[in-house]
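Visitor: Work out the full structure, taking the sequences as your base and the hints as a guide.
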Amino acid sequence: MNVLVLAKIHPDGVALLREKCDVEVKTGLSEEEIVQEIREFNAVIVRSKPAITQKIIDAGVNLRVIGRAGVGLDNVDVKYAESKGITVVNTPGASTESVAEHVFALLLSKARDIPRADRAMREGRWIKKELMGTELKGKTFGIIGFGRIGSRLGEIAAAFGMKVLAYDVIDISERAREVGAEVCTMDSVLNQSDFITLHVPLLPSTRNLISEKEIEKMKPEAVIINTARGGVVDEKALHKALSENRIQAALDVFEEEPPTGSPLLTMDNIVFTPHVAGSTEEAQRRAGIEVAQKVVEALTQ
60 MNVLVLAKIH PDGVALLREK CDVEVKTGLS EEEIVQEIRE FNAVIVRSKP
110 AITQKIIDAG VNLRVIGRAG VGLDNVDVKY AESKGITVVN TPGASTESVA
160 EHVFALLLSK ARDIPRADRA MREGRWIKKE LMGTELKGKT FGIIGFGRIG
210 SRLGEIAAAF GMKVLAYDVI DISERAREVG AEVCTMDSVL NQSDFITLHV
260 PLLPSTRNLI SEKEIEKMKP EAVIINTARG GVVDEKALHK ALSENRIQAA
310 LDVFEEEPPT GSPLLTMDNI VFTPHVAGST EEAQRRAGIE VAQKVVEALT
360 Q
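Residue numbering for the sequence shown follows this note's numbering, starting at 60 and increasing by one per position.
Calculated from the structure, these hints are not laboratory results.
Owing to the predicted nature of the structure, the values given are computational and were not obtained by experimental measurement.
It is possible that some hints are incorrect.
What the hints assert, rightly or not - Here are the simulated lysine to aspartate or glutamate pairs, DMTMM-like style, with alpha carbons at most 25 angstroms apart:
hint: 1; residue 1: Lys272; residue 2: Asp227
hint: 2; residue 1: Lys85; residue 2: Glu340
hint: 3; residue 1: Lys138; residue 2: Asp117
hint: 4; residue 1: Lys138; residue 2: Glu315
hint: 5; residue 1: Lys85; residue 2: Glu316
hint: 6; residue 1: Lys278; residue 2: Glu214
hint: 7; residue 1: Lys108; residue 2: Asp177
hint: 8; residue 1: Lys108; residue 2: Asp293
hint: 9; residue 1: Lys222; residue 2: Asp246
hint: 10; residue 1: Lys198; residue 2: Glu92
hint: 11; residue 1: Lys272; residue 2: Glu314
hint: 12; residue 1: Lys138; residue 2: Asp177
hint: 13; residue 1: Lys143; residue 2: Glu160
hint: 14; residue 1: Lys108; residue 2: Glu141
hint: 15; residue 1: Lys196; residue 2: Glu141
hint: 16; residue 1: Lys222; residue 2: Glu237
hint: 17; residue 1: Lys276; residue 2: Glu316
hint: 18; residue 1: Lys138; residue 2: Glu314
hint: 19; residue 1: Lys114; residue 2: Glu141
hint: 20; residue 1: Lys138; residue 2: Asp227
hint: 21; residue 1: Lys187; residue 2: Glu340
hint: 22; residue 1: Lys67; residue 2: Glu315
hint: 23; residue 1: Lys187; residue 2: Asp177
hint: 24; residue 1: Lys108; residue 2: Glu356
hint: 25; residue 1: Lys196; residue 2: Glu160
hint: 26; residue 1: Lys276; residue 2: Glu194
hint: 27; residue 1: Lys143; residue 2: Glu96
hint: 28; residue 1: Lys188; residue 2: Glu214
As the list claims (entries may be wrong) - Simulated restraints on C-beta separations:
hint: 29; residue 1: Arg171; residue 2: Lys295; range: 24 to 30 angstroms
hint: 30; residue 1: Thr332; residue 2: Lys138; range: 29 to 35 angstroms
hint: 31; residue 1: Glu91; residue 2: Glu214; range: 41 to 47 angstroms
hint: 32; residue 1: Tyr139; residue 2: Lys108; range: 16 to 22 angstroms
hint: 33; residue 1: Glu194; residue 2: Asp117; range: 54 to 60 angstroms
hint: 34; residue 1: Lys108; residue 2: Glu303; range: 30 to 36 angstroms
hint: 35; residue 1: Ile186; residue 2: Gln113; range: 52 to 58 angstroms
hint: 36; residue 1: Glu303; residue 2: Met60; range: 52 to 58 angstroms
The C-beta atom is built at its ideal place from N, Cα and C for all residues, glycine as well.
Guide: Structural data, given as structure tokens:
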């Protein structure tokens with residue numbers, strides 16, 4: 060069994076693969092280079108990049124498994140792969156804790172204006188009188204997408220004494236009860252929340268899920284946090300709203316990564332991180348081991 064690893068995964072995952080398979084690790088390849096390499100391999104492993112396209116799948120004449128070390132599968136043509144009899148596996152639970160904690164890191168940085176305070180201190184400016192934060196206790200925390208990460212966030216928000224609102228397209232009533240969240244419509248989340256966090260996959264139905272119409276429904280000065288996928292938020296609409304000081308934002312993901320030249324980067328009422336919500340030692344180890352286990356299992360069935 061031959062496995063091609065196209066993105067850096069945790070060494071423990073690679074070691075586990077090597078117990079059962081012949082493994083080659085080749086990162087940073089272009090689509091054409093992958094097409095040339097993939098023919099002899101039975102499985103391929105990626106992270107959020109590179110994309111596994113129809114062209115790559117067609118070239119993988121011996122391909123039986125595609126493994127994604129992470130949650131989202133928007134960089135894998137899943138339908139086409141499955142139509143060719145190829146199994147697609149991912150690691151949806153590996154980064155739950157890391158992403159949830161990162162959401163609150165972003166949330167707290169906005170609530171207390173930490174980036175501005177840090178920047179001023181480095182510039183030799185003591186702006187104590189200009190900084191006035193807000194407490195989380197008693198505020199409303201809205202969660203759009205109440206799966207593993209969303210429900211974990213509900214637990215954390217409740218521990219801060221926040222009111223938790225939850226929306227999903229599926230029935231989440233039982234899990235919401237366990238967490239102490241109130242199930243409501245998406246409009247209610249938008250209308251009532253002081254902080255809104257997004258946890259949905261990037262699908263045709265969720266692209267630009269948050270656009271001008273949705274932003275208009277939000278409270279003035281509400282903070283929207285996106286650690287899901289960049290395309291879920293309409294960045295042009297977000298820039299317009301930020302320019303008008305309608306809302307605030309915190310982004311870990313972007314429509315184009317890196318977001319070179321994005322006008323959002325010039326705004327002061329937004330906090331950025333470079334797609335690192337799942338980037339902890341623990342999460343990456345879990346993802347590497349889990350994807351290796353699932354790939355080996357699929358190959359040996």
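Visitor: Against the structure, test the hints numbered earlier, and report the numbers of the ones violated in rising order.
Guide: Of the numbered hints, 7, 10, 12, 13, 15, 17, 21 and 28 do not hold.
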